[in-house]
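Colleague: In this note's numbering, the protein residues as written are 1 to 251.
Among the hints, erroneous ones may be present.
[To be verified] DSS-like, lysine-lysine: derived pairs with alpha carbons at most 25 Å apart:
id, residue 1, residue 2
1, Lys-203, Lys-217
2, Lys-110, Lys-40
3, Lys-216, Lys-158
4, Lys-171, Lys-216
[Claimed, not checked] Label-pair distances were calculated between CB atoms; the ranges are:
id, residue 1, residue 2, range
5, Ser-61, Tyr-149, 23 to 33 Å
6, Trp-193, Gln-221, 39 to 49 Å
7, Ser-21, Asp-196, 39 to 49 Å
8, Gly-106, Ser-232, 28 to 38 Å
9, Ser-97, Glu-209, 29 to 39 Å
10, Gly-194, Arg-150, 15 to 25 Å
11, Asn-49, Ser-97, 25 to 35 Å
12, Gln-221, Glu-153, 13 to 23 Å
13, Ser-232, Asn-49, 20 to 30 Å
In case anyone wonders, no lab produced these hints; they're calculated from the structure.
Here the structure is a predicted model, which means the values were calculated and not measured.
In this text, a Cβ means the ideal position worked out from N, Cα and C, and glycines have one as well.
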Amino acid sequence: MMQLDFSQGNLTMTKANQTVSVSSRISPWLASIVYPLGCKVLLPFYFGNLEVTGQENIPQSGPVIVTPTHRSRWDALIVPYAAGRYASDRDLRFMVSEDEVKGLQGWFIKRMGGFPVNTRHPHASSLRHASQLLCQGEAVVIFPEGNIYREKEVQPLKRGVALLALQAQAKSQVGDVRIVPVSINYSQPYPDWGTDVKVKIGKALNIGEYNTATVKKSSQQLTNDLQVALESIHEENLTPERLPVMSACNK
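With the hints as constraints, model all of the structure from the sequences given.
Modeller: This is the structure:
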């Protein structure tokens with residue numbers, strides 16, 4: 001099998017020594033417990049003010065890549081709260097680091113739509129699975145900064161998300177792929193009890209508008225546009241003014 005390596009923003013091919021099988025699923029019974037427990041009990045109880053704006057920007061159907069900033073492990077719960085079942089009637093699929101799908105945590109992640117990826121040297125099977133999900137009209141969450149960063153600023157994005165989006169766009173028969181930028185801001189660098197959280201969801205980028213140039217040029221332009229979109233909403237999300245609140249759990 002081949003292995004795709006775009007950890008430095010370039011799409012290259014290297015030999016892999018073993019076959020890696022990647023799949024994901026949503027467990028109906030587990031999701032029916034985890035969503036209400038997390039949305040109505042855990043998150044409101046643990047955090048202080050939990051604000052979400054821009055939920056109207058989440059496409060209700062079709063292939064979507066949700067691209068949040070990454071500031072804490074709590075992001076894996078905040079994103080479904082803000083953009084998942086209660087907000088969009090969609091269950092999200094997560095591309096997560098293979099280090100996070102081990103033990104009890106891994107058991108939950110795999111049954112809540114998560115699937116592993118080697119963030120430095122992604123196996124082709126992980127990327128193929130993500131592309132297949134998009135071609136089936138699913139919503140896939142990918143953290144475009146790659147790792148958790150405590151800094152407030154949006155970190156430089158790699159071209160991996162753009163390359164995946166363009167690949168899925170070329171194969172999609174269920175509409176254009178769209179990328180939705182999401183800013184997550186915690187009032188403390190290391191969120192703990194009572195930390196305030198603000199989530200701002202930006203307008204989607206339509207990948208159908210990026211098919212007029214070469215893949216290299218299209219992916220670079222798309223990456224640049226996503227960087228600008230993320231930086232814009234993240235800067236707005238860091239302002240001290242209180243924004244209108246829309247609770248995902250009230251939908």
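Colleague: Hints first: check each against the structure and report whether it holds.
Modeller: Going through the hints against the structure:
1. Lys-203 to Lys-217: holds, 22 Å
2. Lys-110 to Lys-40: Given that 25 Å is the threshold and the Cα spacing comes to 22 Å, the pair holds.
3. Lys-216 to Lys-158: Since the Cα atoms of Lys-216 and Lys-158 sit roughly 13 Å apart, the hinted pair holds (cutoff 25 Å).
4. Lys-171 to Lys-216: holds, 18 Å
5. Ser-61 to Tyr-149: 23 to 33 Å: This hint holds: roughly 32 Å between Cβ atoms.
6. Trp-193 to Gln-221: 39 to 49 Å: Given range 39 to 49 Å: holds, Cβ gap about 43 Å.
7. Ser-21 to Asp-196: 39 to 49 Å: holds, 41 Å
8. Gly-106 to Ser-232: 28 to 38 Å: Taking Cβ atoms as reference, Gly-106 and Ser-232 lie about 35 Å apart, which means the hint holds.
9. Ser-97 to Glu-209: 29 to 39 Å: holds, 31 Å
10. Gly-194 to Arg-150: 15 to 25 Å: holds, 18 Å
11. Asn-49 to Ser-97: 25 to 35 Å: holds, 29 Å
12. Gln-221 to Glu-153: 13 to 23 Å: holds, 22 Å
13. Ser-232 to Asn-49: 20 to 30 Å: holds, 23 Å
The structure is consistent with each of the numbered hints, conforming to all of them.
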